[in-house]
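Undergrad: Okay, here's what each chain looks like letter by letter:
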Amino acid sequence: MNIITVNDVSKTFRRRGGRKLLRDYLRDQFRGRNEGEVFYALKHVSFTIATQESVSIIGANGAGKSTLLSLIVGLAKPDEGSVEVNGRIAALLELGSGFHPELTGTENVFLNAALLGFNEKQTREMLGAIVEFAELSESMDQPLRTYSTGMLMRLAFSVAVHVEPAILIVDEVLAVGDLAFQEKCVRRIQTLRQEGRTLISVTHAPGVMLTCDRTIWLHHGEVIMDGPSSEVVPAYVSYMAAPQTGVPLPAVKPVFNTDTMRPRAEARAKRAMV
Amino acid sequence: MWNGDYRFLLRNLVAKDFKVRYRNMSLGVLWSLLNPLVMLAVYLFVFAKIFKTTAIPHFALYILSGVILFNFFNLAWIVGTCSVVDNANLIKRVPVPREIVPFASVLSNCLHLAIQLALLLVAVIMSGLGVNIYWFYLPIIWALGILFIFGISLITAGLHVYLRDTRYVVESFCLIVFWFTPIFYLLSFVPEQYRALYIWNPIAALIIATRSVLLDGQAPAMDVMVKFTLVSVGALALGMFLFRQMKSRFYDYL
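In the order they appear, the protein sequences are chains A and B.
Using the working numbering, read the first sequence as starting at 33 and increasing by one per residue.
Using the working numbering, read the second sequence as starting at 8 and increasing by one per residue.
Simulated from the structure, these hints should not be mistaken for lab results.
Treat the hints with care, since some could be wrong.
As a list, the in silico DSS-like pairs of lysine-lysine whose alpha-carbon atoms are at most 27 Å apart [what the hints assert, rightly or not]: (1) K75/A <-> K109/A; (2) K109/A <-> K26/B; (3) K99/B <-> K26/B; (4) K99/B <-> K254/B; (5) K153/A <-> K26/B; (6) K99/B <-> K75/A; (7) K109/A <-> K99/B; (8) K75/A <-> K26/B.
To give an idea of the chain B side of the interface with chain A (calculated C-beta under 10 Å), a few residues [as the list claims (entries may be wrong)]: (9) G11; (10) L16; (11) R18; (12) L20; (13) A22; (14) K26; (15) R30; (16) P64; (17) L68; (18) M253; (19) F257; (20) D259.
Virtual Cβ for every residue (Gly too), placed ideally from N, Cα, C.
Build the full structure now, drawing on both the sequences and the hints.
TA: This is the structure in structure tokens:
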């Protein structure tokens, strides 16, 4: 079953970022419409993701990864095409966003859980596990501004992996913490996957890409490659290592058959673990 | 789509606004009481000693009720206007119903209002005016005021995302409303030919109706209540409609 269907999706943005002051509107009025240069954040992107699949989305900065996630989560609407999602996506889990520095750790967990759609009872049940996982039991009553970056990241990741949506979307969350904590995070994600959750991960770390069965490579808003991680990641790494020396972008988009692919990739992913 | 616990989220958002405001104040909630009292002292001095207007009965309570309600309008509208932009990190992260953000910000200001209104009611009772049957009107009057402010906050909060000058327009507009609201003068000072028009101002209506009940021991005038209700419900309906139009592109503009 397809849990996510992205069908010929395009999304444009204006260079100016949309926001304006009154003088910008006035200038546009007097000088004729000048909305700023339009560029495609995503251009005719199509793919499907099956239940229980794990997909990493890769690409250089500005390739459209975050835009794609925002469309899947339902935060923004595509200009063309359609995005269909069956099942609960809690949120776009970017580290630390949604946290408020003046609130204590516990208060932030409550606010975050509420935003992610949990009720009070569920939050209270989760709280212990979140604190324990983050190893922050002594700091939970302190305001977040007193936390070190590492503590902040541990709390953010702990919240992210304890909310239990059908589709877990993680945006660069694995690049945090010391090695021991990273390992713990990867183990936790493995557990979530074994419980049958679909995983979408955006990352720049090749190690993380390889833990996913499948990788989608975006380049200037277009899907360059979509296939098993073992094929896409090496191509991406060699392209990124020397983008100017003319290593050509792969022209062929391998068709990815999820039914035959998944078990094998899962085994490989486990071996490729950190 | 977001299908979480709406009330739990609302409570957490309101608590966030409230805690963030008070945590770093050593006097905490006392500031909520101190502010209108300081303003009251200033008004009393200026109008009783400088302008020598003492024609208004219960002058201190008259001013206190006006100051408290106007300040609530002023603060709640400005904070409501900025609420969506200030909470961009939430808006861009979770597909919660966007209306909840300005709603929570207006509600958190209602907590301050509640504290100040409690002060006002205590002052009214202590001055010997006592409780009367028309106090039953008060929750309706204040609820209409809150609905009105929520309605206009929806409009300006949405606009503020697209046009970042909106909050300054709102601030200027509050100053205009201040002078067209009977905070330190009587409605009867307003020339009669303008009076029917004047009470279309819902903030004036809010204050006039509150005073009728608290200070005059009367039911609020019917024409004031009718216009107040029409404007408040109209503002809410317009706000909901316009906000729905505007919210679909918030992500692109935040």
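Undergrad: Does each hint hold? Answer for all of them.
TA: Okay, the hints, checked on the actual structure:
no.	hint	result
1	K75/A <-> K109/A	holds, 14 Å
2	K109/A <-> K26/B	violated, 34 Å
3	K99/B <-> K26/B	holds, 23 Å
4	K99/B <-> K254/B	holds, 12 Å
5	K153/A <-> K26/B	holds, 22 Å
6	K99/B <-> K75/A	holds, 21 Å
7	K109/A <-> K99/B	holds, 12 Å
8	K75/A <-> K26/B	violated, 44 Å
9	G11	holds, 3 Å
10	L16	holds, 4 Å
11	R18	holds, 8 Å
12	L20	holds, 7 Å
13	A22	holds, 8 Å
14	K26	holds, 6 Å
15	R30	holds, 6 Å
16	P64	violated, 45 Å
17	L68	violated, 36 Å
18	M253	violated, 12 Å
19	F257	holds, 9 Å
20	D259	holds, 5 Å
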